[in-house]
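Q: Sequences are here, hints too, so could you generate the full structure?
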Amino acid sequence: MTEPIVLTALSIAGLAAAWPWARQRLELSLAKHPSLTGHLRMAKRVAALVPGYAYDEARFFDSDAAPPAVLERRRAGFRRLAAQLTARHAESLSLTRQAREQISDLQFTSAYRVPFQYGPYLRQHIGIGAFVQRSDGVTVTDLDGRRFYDLTGSYGVNVFGSDFYKTCIAEGGARVADLGPVLGSYHPLVAWNAERLCRISGLDEVSFHMSGTEAVMQAVRLARYHTRRKYLVRFAGAYHGWWDDVQPGPGNPLPPGHTYTLKEMDEGTLRVLSRRRDIACVLVNPLQALHPNQAAPGDGTLLDSGRRAHFDREAYTAWLIKLRAVCSLRGIVLIFDEVFLGFRLAPGGAQEYFGVQADMVTYGKTLGGGLPVGVVCGKRALMKRYREDRPADICFARGTFNSHPYVMGAMQVFLERLDSAPVHALYANLDRVWNGRAEQLNLELRAAGLPVQVANLSTIWTVLYTQPSRYNWMLQFYLREQGLALSWVGTGRLIFSLNYSAADFAAVCQRFVAAAQAMQADGWWWHDSTATNRAIRRGLLGEMLRQRLCARPAPVQRWWRTCSIGSSSSPRSRAAGDLQ
27 MTEPIVLTAL SIAGLAAAWP WARQRLELSL AKHPSLTGHL RMAKRVAALV
77 PGYAYDEARF FDSDAAPPAV LERRRAGFRR LAAQLTARHA ESLSLTRQAR
127 EQISDLQFTS AYRVPFQYGP YLRQHIGIGA FVQRSDGVTV TDLDGRRFYD
177 LTGSYGVNVF GSDFYKTCIA EGGARVADLG PVLGSYHPLV AWNAERLCRI
227 SGLDEVSFHM SGTEAVMQAV RLARYHTRRK YLVRFAGAYH GWWDDVQPGP
277 GNPLPPGHTY TLKEMDEGTL RVLSRRRDIA CVLVNPLQAL HPNQAAPGDG
327 TLLDSGRRAH FDREAYTAWL IKLRAVCSLR GIVLIFDEVF LGFRLAPGGA
377 QEYFGVQADM VTYGKTLGGG LPVGVVCGKR ALMKRYREDR PADICFARGT
427 FNSHPYVMGA MQVFLERLDS APVHALYANL DRVWNGRAEQ LNLELRAAGL
477 PVQVANLSTI WTVLYTQPSR YNWMLQFYLR EQGLALSWVG TGRLIFSLNY
527 SAADFAAVCQ RFVAAAQAMQ ADGWWWHDST ATNRAIRRGL LGEMLRQRLC
577 ARPAPVQRWW RTCSIGSSSS PRSRAAGDLQ
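Oh and the sequence shown: position 574 is 600 in the working numbering, straight run, nothing missing.
If you're looking for bench data, these hints aren't it; they were derived computationally from the structure. Do not rely on the hints blindly, as some may be mistaken.
[Unchecked claim] Label pairs and their in silico Cβ distance ranges:
{"no.": "1", "residue 1": "R225", "residue 2": "C421", "range": "24 to 34 angstroms"}
{"no.": "2", "residue 1": "A196", "residue 2": "G283", "range": "35 to 45 angstroms"}
{"no.": "3", "residue 1": "Q493", "residue 2": "P214", "range": "57 to 67 angstroms"}
The C-beta atom is built at its ideal place from N, Cα and C for all residues, glycine as well.
A: As structure tokens, this is what we get:
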């Protein structure tokens, strides 16, 4: 009689003991974003299942069951565009083709400039030259002497215009020329840079590194060291460099480690942070304010018109204030990763712009005055790398080229000019100016009846598409024809420098609209009124499933030769070369 009672009591006690753990696990699951950006183990499994295949010529032009007349317009437009780009940029394309055999980065960017199904056929006919020979104002010039308005932003480095950085490098180099590349000892201007960065960041100490990735690695390591906790929190879709713990999904051959990937701007995330005891730090990349919980947009995955972006400064500021409060309450280190966005929004970076003070801040890119750099600024209690009471317990971080004299020289010039009247004038009414420019382009696109709009976070823009289409990724090549230089992610990210004048921007607008009109005239935005983005995605899923079924068990094969869609007579050679 008593035995069942005892067993029941033990079961209840066991359930009661397990409940806190189960509740935490449930809360953690609910705080993850429902998309694959929030479920990285699943994302890696799905990525491993995607089959490699390529469209033949017929399928390349007819992925959407367009009428024959539209298909002919596409073919004619494609031939004209290919001939134009090849003739204009022959020398640039020739060197790109040659260098691609030795530069693995060119091979990667070439393969992922457009959706992989379209890549092989496209590269046989259209290439993008990877080489330029000079920069002036807001333009770059390729090897054929063709000038482009620069919308690449040098991956975020170019905030003030290329001439600004040329001056930083030249003047900085002259300041340290007597010392030269002596490493280990410091040039005196390093102390000046450190003092100025502490003032800008509102923090106590500084460490210098050679890249933004290194700076984030060190900030996380120090946070773990001082809190004695293992886990970092990053938000879905955010980029913090390419090392393992901050890139735990596709792109990293290792499984996720001591990382929680949670939803940004979400009460469930705040609940997790307020209850768990194993979280050392939270990483915030303020660039995500443009597209919370989404990966950086790129044309390599632009298979429909589902790209979304919108910046709400008030809402994101409110989120950061809540995040700051819960981190302070729980002893979690709040790290602002301003490697990309730092100094683009305000002289004091994102901390000044949003009015929130972090415990640690990482900088990079533009801060080096055009040279490679990474910086960590932090509270004194968090920056110390050893324990006096336990001298063997250290937090090691050194680097041969940290505080390199030439980098420090360019940085000093950058910081001096950051505090100058001409630069402060560039920041005046920054949001009003660039929000107005985005709206100006949107009005012109709507007036022309084009299915394109832009969204922006200050000078960082992304292109959105307003009707379902399989061919939006083609726009980058029409923009190229019009003299607009984009990075390899295409229309996913346009980055302006602050020195764009009203006349410069008007020229960009005119060229952008002309490019979109040419693409529309060539039939790429033909639209079946019954088509939807969901239908496109379902069709692609079915297509990939069929490709998995037809995949041949063979040794390593090039992904575009694994299985083809369309005519079996489609050309698959690389005679024309796979250009970037």
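Q: Which constraints among the numbered hints does this structure fail? Numbers only, ascending.
A: none
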